[in-house]
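Asker: Listed below are the residues making up each chain.
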Amino acid sequence: METFYWIDKLVLVVLLFVISLGIAAYQTYFERKLAAWIQDRVGPDRAGPFGILQPIADGVKMFMKEDFTPSNADRWLFILGPGIAMFTSLITSAIIPWGPNLHLFGREISLQVAEINIGILFAFGIISIGVYGIMIGGWASNNKYSLFGAIRASSQMISYELAMGISAITIIMISGSLDLREIVESQHGINWNIWYQPVAFIVFFICALAETNRAPFDLPECENELIGGYHTEYSSMKLGLFLFSEYVAMFVSSAIMAILFFGGYNFPGMDAFKDSPNLLAILGIAVFFVKIFLLIFVFMWIRWTIPRFRFDQLMHLGWKVLIPIALVNMLVTGFVVAFYHQWF
Amino acid sequence: MESLTNRKKVVSDKPMTFVEKLYIPAILKGMMVTFKHMLKRRKTVKYPEETREFAPIYRGMHVLKRDEQGRENCTACGLCAVACPAEAITMTSAERTKDQAHLYREEKYAVTYEINMLRCIFCGLCEEACPKEAVFLTDRLVPTQFERGEFIYGKDKLVEPLDGRIDITKRQFTGKRTNV
Numbered sequence: 001m002e003t004f005y006w007i008d009k010l011v012l013v014v015l016l017f018v019i020s021l022g023i024a025a026y027q028t029y030f031e032r033k034l035a036a037w038i039q040d041r042v043g044p045d046r047a048g049p050f051g052i053l054q055p056i057a058d059g060v061k062m063f064m065k066e067d068f069t070p071s072n073a074d075r076w077l078f079i080l081g082p083g084i085a086m087f088t089s090l091i092t093s094a095i096i097p098w099g100p101n102l103h104l105f106g107r108e109i110s111l112q113v114a115e116i117n118i119g120i121l122f123a124f125g126i127i128s129i130g131v132y133g134i135m136i137g138g139w140a141s142n143n144k145y146s147l148f149g150a151i152r153a154s155s156q157m158i159s160y161e162l163a164m165g166i167s168a169i170t171i172i173m174i175s176g177s178l179d180l181r182e183i184v185e186s187q188h189g190i191n192w193n194i195w196y197q198p199v200a201f202i203v204f205f206i207c208a209l210a211e212t213n214r215a216p217f218d219l220p221e222c223e224n225e226l227i228g229g230y231h232t233e234y235s236s237m238k239l240g241l242f243l244f245s246e247y248v249a250m251f252v253s254s255a256i257m258a259i260l261f262f263g264g265y266n267f268p269g270m271d272a273f274k275d276s277p278n279l280l281a282i283l284g285i286a287v288f289f290v291k292i293f294l295l296i297f298v299f300m301w302i303r304w305t306i307p308r309f310r311f312d313q314l315m316h317l318g319w320k321v322l323i324p325i326a327l328v329n330m331l332v333t334g335f336v337v338a339f340y341h342q343w344f
Numbered sequence: 001m002e003s004l005t006n007r008k009k010v011v012s013d014k015p016m017t018f019v020e021k022l023y024i025p026a027i028l029k030g031m032m033v034t035f036k037h038m039l040k041r042r043k044t045v046k047y048p049e050e051t052r053e054f055a056p057i058y059r060g061m062h063v064l065k066r067d068e069q070g071r072e073n074c075t076a077c078g079l080c081a082v083a084c085p086a087e088a089i090t091m092t093s094a095e096r097t098k099d100q101a102h103l104y105r106e107e108k109y110a111v112t113y114e115i116n117m118l119r120c121i122f123c124g125l126c127e128e129a130c131p132k133e134a135v136f137l138t139d140r141l142v143p144t145q146f147e148r149g150e151f152i153y154g155k156d157k158l159v160e161p162l163d164g165r166i167d168i169t170k171r172q173f174t175g176k177r178t179n180v
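Going down the list, the sequences are from chains A and B.
Heads up: the first sequence at position 232 corresponds to 232 in my numbering, and the numbers run straight through without jumps.
Heads up: the second sequence at position 164 corresponds to 164 in my numbering, and the numbers run straight through without jumps.
Just so you know, not all the hints are guaranteed correct.
Said to hold, decoys possible - Quick list of in silico lysine-lysine cross-link-like pairs, DSSO-like style, CA-CA up to 30 Å:
| hint | chain 1 | residue 1 | chain 2 | residue 2 |
| --- | --- | --- | --- | --- |
| 1 | A | Lys65 | B | Lys46 |
| 2 | B | Lys155 | B | Lys170 |
| 3 | A | Lys61 | B | Lys9 |
| 4 | B | Lys9 | B | Lys36 |
| 5 | B | Lys21 | A | Lys320 |
| 6 | B | Lys21 | B | Lys36 |
No lab work stands behind these hints, which were simulated from the structure alone.
For clarity, every value in this text was computed on a predicted model and none was experimentally measured.
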C-alpha cells in the first residue's frame, strides 16, 4: 500500500511537471496569437500548421543562444535567481487539488500531490518567496537597471501581498478552512464563492496581476524604462527560465483563483455523476482546466488592453485603494459570518 | 463652426465622479474594444503564398523582349541608358554576324546589358525611350538578396525566355508605334 502511494505521487508529480511546463509553453504561443488578434495581425503562423510548433522553436532558440555572464556579476547568485523563480512557480502546483478522487486499480487516488491542511498559507508563502528569484537575479547582475527592476518587484510584491492575503481571508472565513481541498468541497455545484465575494475577487484578481508581474503591473521588467528590468543582463535559457516562470506563475495563480472563487472542479449538475466517480473526476478536471484557461485568457486580454501604470500610481492603488477595500470587505464578511453562526 | 471630421471632443478638467474613479467601467469598455478587434477579419497578405493584385501598368522588374520569331529586339542604341535618371543601365554593343541572324533582330545587338536594381527607381523612362520595343517594366517584383552584387541583373535575368514569354500587351507603352 505504501509503495503504491509513492508510485501514485511520483506519477502525479511528473505529470504535473510536464503539464505545467507544456501549458506555460503554449501560453507564450497564445499570448502572441492573442496580441496579434487584438492588433489586427495574424501572429506566428510559420512553424507548423497555424504556427503550433512556435514554442518549440522558441525553446530551441533559447538553448542555442550564447549563455553570457557579465564579468562583474556574482556568478552563483546569477544562476540562483532564475532557478528560484522557476522553482517557486512550479512547486505551488503541488498543493492544488486538480480533481475529485479517482478510483483506479481498486484504490482511491487523490489528485493532489501534497495534502497539507494549510494549503493556502503554503501557497502565499511560496508566492512571496518567488520575488527572491527576481530580487537575487537583479542584484547579482550588478547593473543599475536590473537593480531598479528588482527593487520595484519587491516593493510591488510587498504592497500587493497584503491586499491579496486580506481578500483571501474572507474566503477562509466563509469556508472555515485553510485546506484547499475543503475550500473546493465547500463550493459544491454552482455554490461558488464568487457569488458571495465579488469584491474580494476583484481585489484578489488585481493583486494576482501584480504578483505575477503582468501588465498593467509589469513595472519590474518595463521594457521602455528599464530595458527589461531584472533580466536585462540575462541571456539564453536563464532568461528563458525567468520568462517561463512568469507563465507558470500565471497558470498556477489562475488555478488558485479558480479554486478560491470559481469552485475548482465543481460544476453545476455534478450530482448526476455520483455513481461513476471516475467519470466525475475526468469531467471535474476538464471543468477545472476550462476555468483556468478562461482566467489566463482574461490575464492576457487585460495585458493587451491596458497601458502600464506609473510607479506612484501603482503604490497609490495598492496602499490607498485595495487594502482599505479589502479590509472593509473582511470586516463586513466577519460580521456576517459571526451572525450566521450566532456567535454573538 | 462645423469641424472638418465631426469628431471634435470638448476637453474638460472637471473632477471625476465616483464611478469614473473606480476605473473599472472604463477598463471594461477598453476590453470590449480589444475584444471586437479580436473577431475582426485580418487584412494581412501572407506574401510568399499570396500576392497583392497588381495594376496592369505596375512598374516592376524589367524584361528585354524578343520578337515573334524569338529574336532579341534590343539594338543597343543606348537611349534607355541616356534616359535613365538613376544611371542604372549599362551596355556594350557588337555587330551581328551572318550566322547570328536568327538570334538578334537588328544588325547591332547588346553583348551585355545590365541594370542595377539598387539604383533603378522604376520610373519607366527607359521603356518610354526605347524605339525598338525592347525594354519593358513588368508586374514582377525584384526579389530580395543578401549581397549587393546580386542586384546587378545581366542579360541572363533580363531577356525573356523563349519558352516563357512575358505578356506586356496591357502596358501603357506597348507602343505599336506605326510612325517610327
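Asker: For each hint, tell me whether it holds in the structure or not.
Answerer: Hints, one by one, checked against the model:
A distance of roughly 29 Å separates the Cα atoms of A:Lys65 and B:Lys46; the hinted pair therefore holds under the 30 Å criterion. Of the pairs offered as hints, the one joining B:Lys155 and B:Lys170 holds, with about 24 Å between alpha carbons and a cut-off of 30 Å not exceeded. Our distance criterion of 30 Å between C-alpha atoms is broken by A:Lys61 and B:Lys9, whose separation comes to about 48 Å. Our distance criterion of 30 Å between C-alpha atoms is met by B:Lys9 and B:Lys36, whose separation comes to about 23 Å.
The hinted pair formed by B:Lys21 and A:Lys320 meets the criterion: a straight-line CA distance of about 13 Å does not exceed 30 Å. For a cut-off of 30 Å, the pair hint linking B:Lys21 to B:Lys36 stands: about 25 Å separates their Cα positions.
The structure fails hint 3 only (numbered hints given earlier).
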